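First to last, the sequence lines map onto chains U and S. Heads up, the working numbering is the position in the first sequence plus 189, with the first residue counted as 1. Heads up, the working numbering is the position in the second sequence plus 3, with the first residue counted as 1.
Hints are computed from structural coordinates only; laboratory data are not their basis. All values reported here derive from a predicted model rather than from experimental measurement. It is possible that part of the hints are untrue.
As the list claims (entries may be wrong) - Just the calculated beta-carbon pair ranges, DEER-fashion:
no., chain 1, residue 1, chain 2, residue 2, range
1, S, Lys269, U, Lys260, 22 to 30 Å
2, U, Ser330, S, Asn181, 27 to 35 Å
3, U, Lys260, S, Ile170, 39 to 47 Å
4, U, Val438, S, Arg185, 49 to 57 Å
To be verified - Taking lysine-lysine pairs in the DSBU-like style, the calculated list, with each CA pair at most 35 Å apart, reads:
no., chain 1, residue 1, chain 2, residue 2
5, U, Lys215, S, Lys269
6, U, Lys202, S, Lys364
7, U, Lys302, S, Lys364
8, U, Lys311, U, Lys223
9, S, Lys364, U, Lys372
10, S, Lys156, S, Lys336
11, S, Lys269, U, Lys307
12, U, Lys308, S, Lys269
13, S, Lys281, U, Lys223
14, U, Lys299, S, Lys336
15, S, Lys269, U, Lys302
16, U, Lys302, S, Lys281
17, U, Lys299, S, Lys269
18, S, Lys156, U, Lys223
19, S, Lys281, U, Lys311
20, S, Lys269, U, Lys199
Virtual Cβ for every residue (Gly too), placed ideally from N, Cα, C.
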Amino acid sequence: MNDSSQSFVKFEKIDKSYDGEVLVVKNLNLDIAKGEFVTMLGPSGSGKTTTLMMLAGFETPTNGEIFLDTKPISKIPPYEREIGMVFQNYALFPHMTVQENLAFPLEVRKISKSETQKKVQKALDMVELGNFGTRFPAQLSGGQQQRVALARALVFEPRLVLMDEPLGALDKNLREQMQYEIKHIHDRIGITVVYVTHDQSEALTMSNRIAVFNDGVVQQLSTPDILYEKPENSFVAKFIGENNTLNGVVKEINDSTCEVDLDNNHGTVKALKVNVSEVGEKTQLSIRPERVSIDSSNNSLNSFEGKIEELIYLGDHIRARLDVCGNNEFIVKVPNEGSFNHKEGDTLNLSWNSEDVRALDI
Amino acid sequence: MLLRSVDDSQINTVFPNTFEEYKKWDKEKDELPPEEVYRALFEELAYGDKIQVGRALTRMNYSKSGWKSLIKKTSRAIKKAVKKDELPDNYKDFLIEANEKWADPTYWYAMGQMVNNQTSIYYWNAIDRTFDQELNVVQQEEDRRVYVQTWLKTLKVSIYVTVFCLILGFPVAHLLANLPLRYSNLLMIFVLLPFWTSLLVRTTAWIVMLQQKGVINGVLVWLGILSDDGRIAMVYNETGTLIAMTQILLPFMILPLYSVMRVIPKSHMRAAQNLGAKPAMAFWRVYLPQTIPGMSAGGLLVFVLAIGYFITPELVGGKDGKLIGSWIAYHLKTTLNWGLTAALGAILLGFMLIFYWLYNKIVGIDNIKLG
Ligand SMILES: Nc1ncnc2c1ncn2[C@@H]1O[C@H](COP(=O)(O)OP(=O)(O)OP(=O)(O)O)[C@@H](O)[C@H]1O
Ligand SMILES: [Mg+2]
């Protein structure tokens, strides 16, 4: 996958600046294989849309080159790139019916009337809007408009589809349903998709790989499970899923693990060495809430006490906010097995495996 | 106002008996009206209210020039006779003696068009027609035909002005809607500044610019493009009217266009190109159709304003640049022929309604957007 001769889309050392001063995308290197569903995930203003626009041809990179199918695309105008795109606000043409919207890319390609009609109908059927062809976009619900936009981006059989927060405007239920549908269509026709979102659960459920953006830099590019379980830096750890942090200083390093003295003499934690390199370095430890066990008899190294600050009953589990080693935002999820009978103010014994604690940058 | 254009009751209150008797006159049989008509006229002139009679005279003059002096002279003779208490035995002879025009049947025929409380004469006048003796509609004499020509010119000028405004306004509105805020604000000021300046100032500024010894001619001569005696006449003719009106009405085109263009998302042009359309195609198929509501609103506004415009054409139009609005103002203020004024106005209104209706048929009034 990292072999550039194989990659279908390749960003090579891309920099982008709008004003000639601030780089909004910095040294972006990204390889996307054919048929892959890659998501760019990141907070607002992190450069996701900019990256997508460079790929679609509406912005030019300040430095670097983008390759599509091994060919550099900087000289190809947007209308010849054969890249479908679903815009954030759908950009359906309000003066055309659904059918006309879908026929537009085919007409400009001078495809015959009958062929056009067939393809339009097929695309509409694909998004289950077969009977809505004669309506105008304004006569459709948000979800239907979204599906029309999707169908329009696919109807001319592009090499690649880009989607910029296509579900941003939909409510939660519809969004989940559409996530499933888009994923389904992707699986069925095997097209390469570059997807932008700032909703992490959306990214996790849909993607083959996720590129986490922050401040114009890709922080980590991995599959969803690796991203969640093995974040490589503290931004990714905090951005994806829920995360407990403890700050300290590296005391000792052995191969793949290290020992960290917590600040204010709260004790020593044995952790995986991920993003630290030398003794004496400051580090932030990251532990997922579900990897913390309570009331364990295990008296290993990573055993601490925590005072219950708040309990929230959530049905299948109880969410406990604890004060652990000076961090009073320490979250633990207790499965509701009926045996949990502590109150706020009680003290719990906590422990975790050293493989579940990651020593990251600060 | 509209009633005015058909109202003929004033004169009927002045000469009720005369007209009553007049209606009994059999024009086939007798060359002149019967004695009773002369008698009624005599009495109504003798005892009628002077001011009312004066007003009626103005009206009578519209139907045939000469009425005014005829009645005035006759009145004097009648008043004299009444003062001396010398009522004539034969009114007909008396009147004919007072002025031999009373023996001329054409005057009596002209009276025929006034005997009813309503008249359509003003409307016919407004399109260069009048009544003949038998009350048939005929063309005005050649040298009195001005209105049909003016109507056509008004339409022509309005259409030209609308088209020019569209051609000039579209790119400006497009820039306004798409430039970065800093520049578009500045441009907006340039659009609005003349809008806030007095109409008269702008019109006279155009005279300064366009006249034979004006700025434009001066520059062209200075550049050697024109010879000194080849200066173009750009003002006091139709060209002047067109140029000045286009400039003055331009904001009315730009503003509705702008308000429509502003809300067309920029992503539409991008989407069209992304789907494979070249920029020109994207503009033609995706952008332009979405500006139709703005073009229609601006077009309708400019056309309607242009068709009734009068200050500017009056000032820069010279003789052949005069539009119908000028005539309306002329009759309203100078000749005081309010019947004709009202008829011209009513026809103008009719035009607008027809235009509006046509427009609604073609474009649909719901599509209009003013902002
Ligand atoms: N046309 C532009 N001119 C100047 N700066 C721009 C322009 N478009 C974006 N930016 C800046 O570039 C940075 C990245 O913007 P971008 O739109 O790529 O963010 P994003 O990751 O898509 O954010 P969001 O999730 O809010 O859509 C931002 O700081 C933004 O202010
Ligand atoms: Mg964005």
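Subject >> List of violated hint numbers, smallest to largest >> reply: 6, 9, 14, 18
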